[in-house]
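Using the sequences and the hints, build the whole thing.
Chains as they are written, first to last, in the working numbering: chain A, 1 to 290; chain B, 1 to 319; chain C, 1 to 249; chain D, 1 to 242; chain E, 1 to 379.
Be aware that one or more of the hints could be misleading.
[Claimed, not checked] Calculated cross-link-like contacts (lysine-lysine; reagent style BS3-like; alpha-carbon spacing at most 25 Å): (1) E:Lys-181 - B:Lys-132; (2) E:Lys-368 - E:Lys-270; (3) E:Lys-250 - E:Lys-279; (4) E:Lys-33 - E:Lys-250; (5) B:Lys-132 - E:Lys-169; (6) B:Lys-132 - E:Lys-203; (7) E:Lys-186 - B:Lys-132; (8) E:Lys-98 - E:Lys-315; (9) E:Lys-203 - E:Lys-186; (10) E:Lys-368 - E:Lys-143; (11) E:Lys-313 - E:Lys-33; (12) E:Lys-33 - E:Lys-279.
[Unchecked claim] Non-contacting residues of chain A with respect to chain B, defined by C-beta distances greater than 10 Å in every case (computed): (13) Leu-81; (14) Phe-118; (15) Leu-134; (16) Phe-160; (17) His-163; (18) Ser-166.
No lab work stands behind these hints, which were simulated from the structure alone.
All C-beta atoms, glycine included, are put in the ideal place defined by N, C-alpha and C.
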Amino acid sequence: MLTNAILSGLTMGGTYALVAMGLTLQYGVSRIMNLAYGEFVIAACFAALVLFASAGISPLVALLVVAPAGFLLSWAIYRLLLMPLVRRAPSRGALEVDSILATFGMLFIVQGIMLALFGGDYSSYSYYNTPVDLFGTTIAANRLIVLAVALAVALAAWAFLMHTRSGTAMRAVAVDPVAAGLVAIDVRRVAAAAFALGGAIAATGGVLISMFLTFNANIGVVFTMKALIVVIMGGVGNVVGALVAGLILGLAESFVATFVDPGLTIAVTYAIFLAVLIVRPQGLFGARAR
Amino acid sequence: MTDRPVIAIGLGALVFAALAFVPYMVDGYGMSLAIAIANYTILATAWALFSGPTRYISLATVAFFGVGAYTVAVLGEVLPWPVVMLVAAINGCLLALLVGLSTLRLAGIYFVIFTFGLTELIRQVVTWYEVKVTSTVGRYVFLDIDQQAIYWQLLGVAALLFLSGYLIGRSRLGFALRVIGGDEMVARHVGIDTTRAKLLLFVLSALFMTLTGAIMAPRWTYIDPAIAFNPQVSFQTVIMALLGGVQRLWGPLLGVIPLTLLFDWLNAHFPNHYLLILGIVFMLIVYLLPQGVAGALARLRGLRSRKERASAAMKEARQ
Amino acid sequence: MTETVLSVAGLTVSYGSHVALRGIDMEARRGEIVAILGSNGAGKSSLLKAIAGLVGKGMEAQVAVGGKDLSLLDPHEIVEAGISLVPEGRGLFGDLTVAENLRLGAFARRARAGEPERLAKVFSMFPRLGERHVQLSRTMSGGEQQMLAIGRALMAAPDFVLLDEPSLGLAPVVTQQLFMTLRRIADEGTGIVLVEQNTRASLKIADRAYLMENGHIVGGGSAADLGADPAVQRAYLGLAGDGAAARQM
Amino acid sequence: MTALLEVSGLTKRFGGLVAVREAAFSVNEGEVMGLLGPNGSGKTTTMNLISGSLKPDTGSVRLEGRDIAGRRPHAIARGGIARTFQLVRVIDDMSVRENVISGLAFRENPLWGVSANVEAEKLLARVGLGGRGGVFAAELTYVDQKRLELARALALSPRLLLLDEWLAGLNATELDGGIDLIHSLANEGVTILMVEHVMSAIRRLCSRCVVMNAGAVIAAGETAAVMAEPAVISAYLGDEDD
Amino acid sequence: QDAVRIGYAVSKTGANAGGATTTTIPNYELWVKEINDAGGLKVGDRQMTIEVVEYDDRSSSEEAVRSVERLATQDKVDFILTPWGTANNLAVGPIFDKYGYPQIAGTSVTDMAPKLAARWPNSYWLLGTGGSYAEGLVDLLVKLREEGRIGDSVAMASIADGFGIELAKAGRTALQGHDFKLVYDKTYPLGTQDLAPIVNEVKALNPDVFIAFSYPPDTLGLTDQARVLNFNPKLFYTGVATAFPLYKDKFGAAAEGVVSLGGIDPNDEKVRAYIARHKEVVGKEPDRWASFMTYAGLQALQQAIEKAGTLDKEKVNEVLRTGTFDTVLGQISFDNKSRQVPNIFTVGQWQDGEFVGLEPADHPGAGKLVFPKPAWPAQ
Ligand SMILES: Nc1ncnc2c1ncn2[C@@H]1O[C@H](COP(=O)(O)OP(=O)(O)OP(=O)(O)O)[C@@H](O)[C@H]1O
Ligand SMILES: Nc1ncnc2c1ncn2[C@@H]1O[C@H](COP(=O)(O)OP(=O)(O)OP(=O)(O)O)[C@@H](O)[C@H]1O
Ligand SMILES: [Mg+2]
Ligand SMILES: [Mg+2]
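See below:
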């Protein structure tokens, strides 16, 4: 039971973390509160489904196409749709408002397109739903894959942000775009890159969870909110924070489900989230808010 | 100068009096449209009452709305209506106190998502309680309160809301909140008890949201946590308020009316591509009306834009 | 070394309707310190911001380094061109450490070579930065932040440094050291444009100076001459608190 | 003279670093006292401890005998201690007048409405911003914003005024004006504790000085005497000649 | 007027869209197309084609209320088809009642059905009560136990939503009434994504019977997990979406033997024809549960109108209350207090590619239970 709980907790947490990491980059660095984030995740789910159903392409192969596509699409969106807002925003607060409104519209558009293409039906297919025996318990391969990818992405992102020049530049933009210009950082490029990177991660997450999750065109917002919870709990812009927060929530869910009452799983995750913020208003790893 | 408030209040009273006759002029659909507008007018205005000056974006709207609705669901058939409303109001205020106190140290996006999480938690707990204790999720509210009654109640609450909003706007409390929104540290050092001020207004705005929820509940016959605590309500409130503009008392109104009508018109004409078109329209609005409708109006008077520019450029200077 | 010149011609800056700078012409050479004097609101900071590309729209001018036109470039490109600014209000990355701030100072491609040496130099100039290199810059004291801002600007290996009131908030002893260091940096071939309220001290180290009044350049010349000019002394060296000065406030 | 403010045993740590260590000094009714020290010696922190933005780890701060250490800032502000900030803090998108009113509206005996407007104009004229009440604070230059900040502090009609490098960034002429302004305040009996790095100002304004170094008070007393102490010269002044 | 105006507001977007686009919307479209292709409704001596007015209630009670008000008072349609789901049908109930429209709900499972029928005399609740489904299932279990093929141990998980809780409640009572042992009886909230813990725990308890009163995402999730953990109870029962074509498509052979609500008689001509037409017109098969009730309701409405020979709502209601109608559910009538269809399948099972109705066993065309459920095929 215990190993069961831990394993399914970690895998679920990995899912949350993976999805959240993209958002933490988009909001933390590019300062875009992207309410359409979940829609992009679902779009990736559909992309994977289509590739799988039509051409029998394995989701893992699909990644090689969908993730870069996510990157390019997000880049374009930032350059064409969001840059004007960034340019005109007198202050960070104003940008926050504008980006909320704009991405809210984007949410509708993406959802509308998916509805037009796929209708509102539930979609679901199974891939790598094969049992793997681990520490004397059994778990679906596809979930292990997600966990592995989540860890890999987190590690890569962390190394990049903390130990490379461009990574530091990205954090600098996150802290203060104007000052970043003063040290020869091309703020627009860095911000666009971060946003696009976030998009790529969202796509990756989408493709992977499509292997075991039932989805339809309308549930994007679920992922946006879950991701936001994780992002905030971990501390805005902090990928490691997102990873830790995601895993904590996942573990909490499966432990409560196993040892207390499945009826309380979601309640508990929110309770933990709130408790963390009450104790640490800036999230687990966040620098002070505001 | 001194009698300006009197005039303003008088005018307001006239407008509301006129609005009271709407039911005699429109059909059932007109009524439900009027109700929808009244509903969101209260929510958005009450929201802006706190979030406008302080710039704390709250997603807890539906928490209070839902608490109101649920109080009715539980007590509606047991107690006389006024008592039910009273209980709802009390519940709402207590909850608001709780939320307010627990969010004191939070700022920016952390506050936003906290309020969202709290709402979801409440919804989960209510569900769990219903399952465990009453072992029914979803309650049936058979109250014969017709549209007119609901509309008039909403109208009354709205009148109250605008009155208190107007008075607060001219009071030291309202001013204190603007200072807090400007720079909380400064606010403390000029002697503002920021905690008290924020709590006061938060509770007040929550009170109005709760009442709205209570009034709307009988309209749906059936209420479950998913309906009562549907986060969409919070989002829509914020969006409408922001689009209208939160710096003035009547700002949100300018978001609520056009958007409600827009939603309805699109739904009627493009039931199948509603979202897609809505989204496009929406983005256009954002790009064409930078500071919301109210801002746009004001900019015609050239007043606000100058301010925006100045503070903008200056903020850069500060960086 | 080649004689690169930073030249500004016909610079006009307006914030909305308000015109802050009108037709400014000025230039600075590598190896010299040019002081810019003027009472508050004269437009000194605007001038520096404009050169650094921070004013964006609302500005028209010919700004060039060694013939290369800068007037349309973004801030980051201007830094690459060899001009770095210590802005009014410092513009540090508050949530990053002192060390990270300094490393970012050398982000410019032109500055990557010889970064370690320059870092060592900065640390020897401001030992406090060395002691505190892991502290979050936002938590540094006012003066410490000022030191960091200057240090960061020097990390960009600039041909020209624009300093907006560098002595602001520095203890006297540090100020004296700073001014001596600035002179040395100039002598080593960097051009320095110095906006200072500490007129006497700045005239002492400057080669030339410009006088600004509400958006215009109203005079200029060699620092020595200006320092001796009674008019200048009255206006900028504030000989004792006579009533005249008080009324000027 | 009686001590208006009495600080004793004041200590504040930030992690490993002791920013203020066992600081003790007192400010007398009606005097202008200087708080000096090298960068990072703990002056602003001390100001923050007095004004309540920071809570001391240990030690007491007495205003007319009442210990106010660790009380919340708004209470201290109403209790009669007003302050300015080392980095100017005005409210950008409020008018200059409103900024001043924010100081009037929440003090012990608040002003509101017409009377507040009138008083605000008086204060603005007082700091040299007469007639600018209508413009937005954002449009003022750095120095004018400092003036505005002072007006806001005065609006609280404080017993004790804390100025953190309020004179920094003024050119010589403005400096003279600023000094005169502070003088006039002192003459009206406002007690002032000021942090400054501009020695000429200190000499002309402060009867007494306290000098801190590395968080501790290393010298206190008559300005001239203090300035002559070798410890102060080596740690802070250098061979100063400004 | 030579066209019948028919209006409906359903959830094309939002949380309910999944259900509505599977069950409700396709049948509405199918029905309209069929009638119009046939030249229209026969009203008295006139052939009237159908003209549709449709809205999206965005899965919100408030929007549903407003849209239906609009249909009734603005568009003044002749008849209004019902929205998807219990909540929205209850929300719009008062309006249907106020304007005298027949409310034929094909997607509302509620124990309140009788009460509602009493309150709104023109409302009809084809999907029946939660109780009926739970009891149908328990009858089956009781028989199995009498035949000594299962023991007492039953594990039950349910979604914490009106539907899940009602069925769980009824099931619990019935099971305890026949003193079964509920070794596991827990609920999980809407939006639960990780069902591994539940299946893990249940598997450890090794019950003969596993019942999940679940919603589509968790129905599929639970089945997935059961396969991964190779959890093979003798009887495996999951909730909504088990009877969806999606389930068959996703699990193929693995679906074999899975039990759930609803079911059909695959040998019934009408049923086969309906499935074929549905596939042909909307491009996918109907689900094997509520689609049938929905479509039957439409057929009843059509026949009632034609019998009444007028568009007058009161007359049509009269016919609906008293008449019998020939539908995919067979001959149905609402001639009872609770305005429900007495004879619908409450329990069905996937048997080589078709979801066959089992209970009530005396229901014509009822199939035999495949028992025990074959073990999950390896994947
Ligand atoms: N962001 C802005 N918006 C509007 N006006 C501005 C802005 N920034 C500066 N100004 C105006 O431009 C003029 C020049 O300002 P600037 O800061 O360049 O002067 P300065 O010489 O640097 O003054 P100080 O010595 O106080 O720093 C001033 O009159 C100021 O009011
Ligand atoms: N929040 C903090 N965290 C860590 N260290 C801090 C923090 N605040 C201040 N310090 C440190 O405490 C010391 C005292 O800071 P303080 O601001 O009081 O110096 P100061 O005397 O005002 O210096 P200056 O004259 O430069 O303003 C400094 O070394 C500073 O780095
Ligand atoms: Mg300046
Ligand atoms: Mg200081």
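Practice item. Give me the numbers of the hints this structure contradicts, sorted from smallest to largest. Key: 4, 13
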